[in-house]
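The listed protein sequences derive, respectively, from chains A and B. Our numbering puts the first residue of the first sequence at 374, with every later residue one more than the last. Our numbering puts the first residue of the second sequence at 2, with every later residue one more than the last.
In case anyone wonders, no lab produced these hints; they're calculated from the structure. Some clues are possibly wrong.
Sample of chain B residues facing chain A (criterion: CB under 7 Å; computed from the structure) [claimed, not checked]: (1) Ala58; (2) Gly101; (3) Leu155; (4) His359.
Backbone N, C-alpha and C fix where the C-beta goes; we use that ideal spot for every residue, glycine too.
Each chain, letter by letter, is given below.
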Amino acid sequence: MTKFQGLLEMEDIKVATAGVPLLADALSDQLVALTRVDWRPAVPGSQAALDRVMADVRRTSANSLALTRMLATGAQLVDVRQASEALNLETRTFLHAGPPLTWENASGPMRGALIGGVIFEGYADNPEAAEKLLASGGIKWEPCHHRNAVGPMAGVVTPSMWMFELLDPSTGNHSWCSLNEGLGKVLRYGAYSDDVIVRLQWMTEVLGPLLKTAVKRRNASAAGPVDVKAILSQMIQMGDEGHNRNRAGTLMLIRDLLPDMIESGASTTDLATATRFIGGNDHFFLNLAMPACKLQTMAARDIPGSSVVTVMARNGTDFGIQVSGTGDKWFTAPADTPVGLFLGSYTEADANPDIGDSAIAETAGIGGFSMAAAPAIVRFVGGSVPDALAATRRMYEITVGENQSFGIPVLEFRGAPTGIDVTRVIRTGILPQINTGMAGRLAGIGQVGAGLVNPPMACFEGAITGLAEASPQVG
Amino acid sequence: MSEIHVETRSGAYRDSVSLLEVSRAVAQTPGVQDAIVAMGTPLNLDLMRELGFVIDAPSANDLIIAIRAINKSQIEAALAAMANEFDAIDRRARASSGGGEIASARSVGRAHDANLALISVPGSGAFAEAVDALESGQSVMLFSDNVPVWQEILLKDLASSLDLLVMGPDCGTAVINGVGLGFANVVTPGPIGIVAASGTGAQHVMCLLDQAGVGVTNCVGVGGRDLSSSVQGRSTISALNALSEDRRTKAIVLVSKPPAPEVAQMIRKHASTLTKPVIFALLGQGLPDLTSATEDILNTIGTPVPKWKSWGHAPLKKHPGFLRGLYSGGTVCDEAMVIASRELGPIYSNIPLNPSWHHDPFSSSRENTFIDFGDDAMTVGRAHPMIDPTLRIERLRKESVDPECGVIIMDVVLGHGADPNPAASLAPAIKETISAHGIPVVIALIGATGDPQGLERQADLLSEAGAYVTVSNAAAIRKAISLIELSEAS
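Extracted from the complex, chain A is given alone in its bound form:
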């Protein structure tokens, strides 16, 4: 018996209506179980491309494969290495957040971070010389994502920087992220003053090697590598959302690594400084959450016909996305400026457009997508608790599935909304919700606030066209 035939004689009819209210009213009059859908027309100008993608017979199975692969990924902290070694980052080659960009169109904080990188590497000894070197093509740079790395805010990675190295046992993929520098005036927000450079030098000389030894000891122990995904699962139940709040995650990381740090042979002074540094920075775990999310979304890459987003990233000028079915093609548009709360006397006028690879969190279903799990962060980004619940629930409209590993307590442990589907964004007009930090507009300022932001719809309009072009011809 077919499902339709079952409808004719056995099942209770439960109807979903989209369109003319009168037809739904006629069903209510008959006391039929009814869900009235709040349907709206697709994003203007995208209907033809949307229809071609909807008609692509590969889409459903491709998207469900993308979801299965994402849900199956793990994330283990397997090493801490310098970028020159881990990523084969050549001398005078940098990585940065977001889609590709040139010096000319780089924003203030991006320029600031690149300048800081040049000084840190010793390629120049003052900002003016650094700027000249950068503007004249003396340094090459490319997106972190091009090397399976991710970088928060400006995301500038230079060859000497130490990187967390994560492994997904389900695919064998690796991903990388730098060590978090803390809050305030830091390189990732475009600050390059002496204290920033001094901190980076300490991280290179002391923190990186210490963490490497601890991680290696931990890997060799009976406990095995630190399970970053397991920490993510737990922190979602402890009030973190993994993007703007990483407090529980940071504490759990210390819990997992501390014994091996103590036994690493480092001096008690270095140990105390390192643990004070990590413990004093609630965002330390962000740089592990991000590569874990990168491993998850990487697993969904390059599936022909899949409309699932695999990258959302910003370089401070443009917002860029990548989609499974279109491989490593970037769909970019000018980035919006976040809306939220400002530190000190900073105002909206001081804020730079959206920046950073950290939207990989939302691409993987945490951060803004799981905001309902983090009521404590909601006010910081300028919202209310009901807003957070509504935002998370809204994200289920544009995602292909739910990740039971990230159960949201207040929603009866419903799995995080996972796998942004370009077709659903175009159909509903609902944009992904991102929680983010705000960088100062000018080079050297640092963080000015935190808030909420959405990708520009134009990225998704580009993506639906790209998917349509890659779909088999029909009709």
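Following the hints, position chain B against chain A.
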């Protein structure tokens, strides 16, 4: 002996509390001796091994299902109980608002409990929504029109691959398991299953059957293009199969305009393989009208044909001039034109029987003119005439002062989705047409006794206004023709 079921699902993480609930439900299934549904952590694996289960190379990220029961059917029951419990957990989570308000779903695919989608969005957005519905396990009634034929074919093929059905596009009427969708009459359950490529045609047949005391199991719409040579009866075949398997259906009626000849042949051939009689009620030149087709159905199932009801308080006087038809239902308009053209020759219309008889519905009538106010071109930016009578009443007033207008025929369609009291707005204009201008008005009243508007009440209002009212469109058009006074000029 006992049966053992061990299954590993990779990447299917569930939290341990949910899994305890699920394990309990599985363990409580009769005949189950041991059951563990858990993630493959070392602790859980030890538990399973202690119970004698053999687990191959698991990882902590694998969901492992281990059940021991007396026989296979109990294992299956336990697995079904497990699926139910997972489903119950998911439902609870989806229904949870966390205390906030739950916003409406924004697409039919996110109406998780639905098994049928009624889509009436503008045609350009219909395809995406219908694909979503099908992919979410919902059959679709696609009320929307202006859906390209390639999309219709794709939707119907997708439906067929998923054991679902697409009714439409441009499907106005369906009754599924007693639920009226779109424009549908309230008919009693009974032995007849209807497959309809024509909405008002199906409504007319249903209502006449209702008058004869014969009910309907289901009326499955397929959309006006289903029997064309491009769509090849894709939904018609599925609908015939489903009704043929339906226990309560004793005979099937196919209501349609004449299909493409090769499709008709294919459908007839397929119908002959079914276990139930299929009666064809096809409309068109040289074919029986819907009233005769309904009489055939009644004869086939051995039910006496009743005298079709009519109402007329005052006998109408003949009047010279041309016949004017103001219809809201395309199929009944077509049927009336077929009958009238036999007697009167060319009938000008926006849905002409013959392309050379085409007439712009917005210009004044030419000789014998019939307008289908429900035609796509006339409903752009306004509601269907079954809902909004304004345009038809305007035209009625215009016809009544046209010196060439002899007799007017209209349909009034009742049922769910239609104007809650159509006679109330029509009656004053009808009364004026008859009393002030002497032009007789005949009404084909398409309704069932149970319709919310009240069949008798509507008939009374219309006949009190002076109209001749009948439940048979064929009888109505014959009456209208008989009221034309033949003058020497014509």
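Verification of the supplied hints:
no., hint, result
1, Ala58, "violated, 13 Å"
2, Gly101, "holds, 4 Å"
3, Leu155, "holds, 6 Å"
4, His359, "violated, 29 Å"
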